[in-house]
Amino acid sequence: MTDVIDTLVGIAPGSKLDAIRANRSEARKHAQASYASLFEPRDLAGVTTDERHAIAAFVAGLHGEARTDAFYAAKLPAGLRATVVAEVASARSKGPYGRFPKGPLSVEDAPGPTWKVSDAGAKALGTRLSAAFEHTHMLVFHPRDAAAPALQALLDAGWSTTDIVTISQLVAFLSYQIRVVAGLTTLASSL
Amino acid sequence: MTDKTLTPPPHVEPVVFTRDMLDWLPWIEPMAEKDMTERHLASLVDASRVKSPYFRLLARDPDVLEARTRTDKDIFYNPEAGLPRAERELAAAATSRLNGCIYCASVHARFAATYSKRVDDVQRLLDEGVGARFDERWDAIVAASVALTALPISFGPAHIDRLRQVGLDDAAIADLIGAASFFNWANRLMLSLGEPASPG
Numbered sequence: 000m001t002d003v004i005d006t007l008v009g010i011a012p013g014s015k016l017d018a019i020r021a022n023r024s025e026a027r028k029h030a031q032a033s034y035a036s037l038f039e040p041r042d043l044a045g046v047t048t049d050e051r052h053a054i055a056a057f058v059a060g061l062h063g064e065a066r067t068d069a070f071y072a073a074k075l076p077a078g079l080r081a082t083v084v085a086e087v088a089s090a091r092s093k094g095p096y097g098r099f100p101k102g103p104l105s106v107e108d109a110p111g112p113t114w115k116v117s118d119a120g121a122k123a124l125g126t127r128l129s130a131a132f133e134h135t136h137m138l139v140f141h142p143r144d145a146a147a148p149a150l151q152a153l154l155d156a157g158w159s160t161t162d163i164v165t166i167s168q169l170v171a172f173l174s175y176q177i178r179v180v181a182g183l184t185t186l187a188s189s190l
Numbered sequence: 000m001t002d003k004t005l006t007p008p009p010h011v012e013p014v015v016f017t018r019d020m021l022d023w024l025p026w027i028e029p030m031a032e033k034d035m036t037e038r039h040l041a042s043l044v045d046a047s048r049v050k051s052p053y054f055r056l057l058a059r060d061p062d063v064l065e066a067r068t069r070t071d072k073d074i075f076y077n078p079e080a081g082l083p084r085a086e087r088e089l090a091a092a093a094t095s096r097l098n099g100c101i102y103c104a105s106v107h108a109r110f111a112a113t114y115s116k117r118v119d120d121v122q123r124l125l126d127e128g129v130g131a132r133f134d135e136r137w138d139a140i141v142a143a144s145v146a147l148t149a150l151p152i153s154f155g156p157a158h159i160d161r162l163r164q165v166g167l168d169d170a171a172i173a174d175l176i177g178a179a180s181f182f183n184w185a186n187r188l189m190l191s192l193g194e195p196a197s198p199g
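Taken in order, these protein sequences are the chains called A and H. Under numbering that gives the first Met the number 0, the first residue of the first sequence is numbered 0, with each subsequent residue one higher. Under numbering that gives the first Met the number 0, the first residue of the second sequence is numbered 0, with each subsequent residue one higher.
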């Protein structure tokens, strides 16, 4: 399968950046394996393909990295894609914000909003994806506000403990992939 | 059956960034060792990680755990060319400091201090945050890590120029991008699936 990071950055075989990535061939191979295990898994377990792509498209939309955003959005059915676009518009923010444990670090607290899916979004997404999107927003913009009740909200919405691991990996992997694409695209433009 | 979150046992919560060894307590149930299949065990890559609740939790989705771990190891441990290990760890520590992951910062600040031998500088990163100033090279590495981590992402050609001016070649810049980006992955897992604890 084509390497997704190479595709998104536009790394041609034989190019300078291709050689640089080849120096870290295990990282390159396993970043791609991470993608494959999240989006083309041997076993979908409790998270459907559309749910995986919807969460990824939401993360990419929140980051505003155009090529990654287009890549994941293209994998969604039109109705779901429109819902993701509408929710992204109300959810975009700056990060990272959030509170630290009470103590000396409290002077660095940067409190900010807990984002909620719109009424129309909740209707279109359903309980499970709505809860996943709200969790995703926190992970993207204010991960240090994470606490056990946020996971209980996912369990209450019908996700299992194993599903939560998969959803967390989806958001966290995208947070990596998008930055690699942004970083290498910038590097490519200055080679 | 509906799963429930866990209530961690009584513990001391670290309230500052530290190079001390910390524990990590999960908020949802890791796999029990006795329930782990060959596939789950193989996904740990290092057999000793079976003792870690963090890795036994991530082993619930073994394929992504294994791929994540092998990505991590090559970004940080591959000694071939690129950015020196100390500075890959500096990028990881700076990213973790900015995102607020006290656990991740503790591990990678220890590594950064060990490999750079600049214990006071690393401690100052923890104490003062990513606004601390060191020297031209470390400042450029921390600034690039911040620009890749904060949203919206602001990493641009000026960061690349600055990194080149302090002696990073293209392979080293690619390593820095890998290290800072990877910790945006790791921080989100550690921060959101459990909490750090000071050893009793």
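These aren't lab readings, by the way, just hints derived from the structure by calculation. Note that beta-carbon positions come from the ideal geometry of N, C-alpha and C, so glycine has one too. One or more hints might be untrue.
[Stated by the list, open to error] Partner residues are not named here, just some residues of chain A that face chain H (Cβ under 10 angstroms, in silico):
1) 3
2) 22
3) 29
4) 150
Hints, one by one, checked against the model:
For residue 3 (chain A), the shortest C-beta to C-beta distance to chain H is roughly 13 angstroms, which exceeds 10 angstroms, and the interface hint is violated. At about 6 angstroms, the closest approach between the beta carbon of residue 22 (chain A) and any beta carbon in chain H falls short of 10 angstroms, and the interface hint on this residue holds. A cut of 10 angstroms between beta carbons decides the hint on residue 29 (chain A): the least distance to chain H is about 4 angstroms, and the hint holds. Given hint, residue 150 (chain A) at the interface with chain H, holds; its Cβ is 5 angstroms from that chain's nearest Cβ, closer than 10 angstroms.
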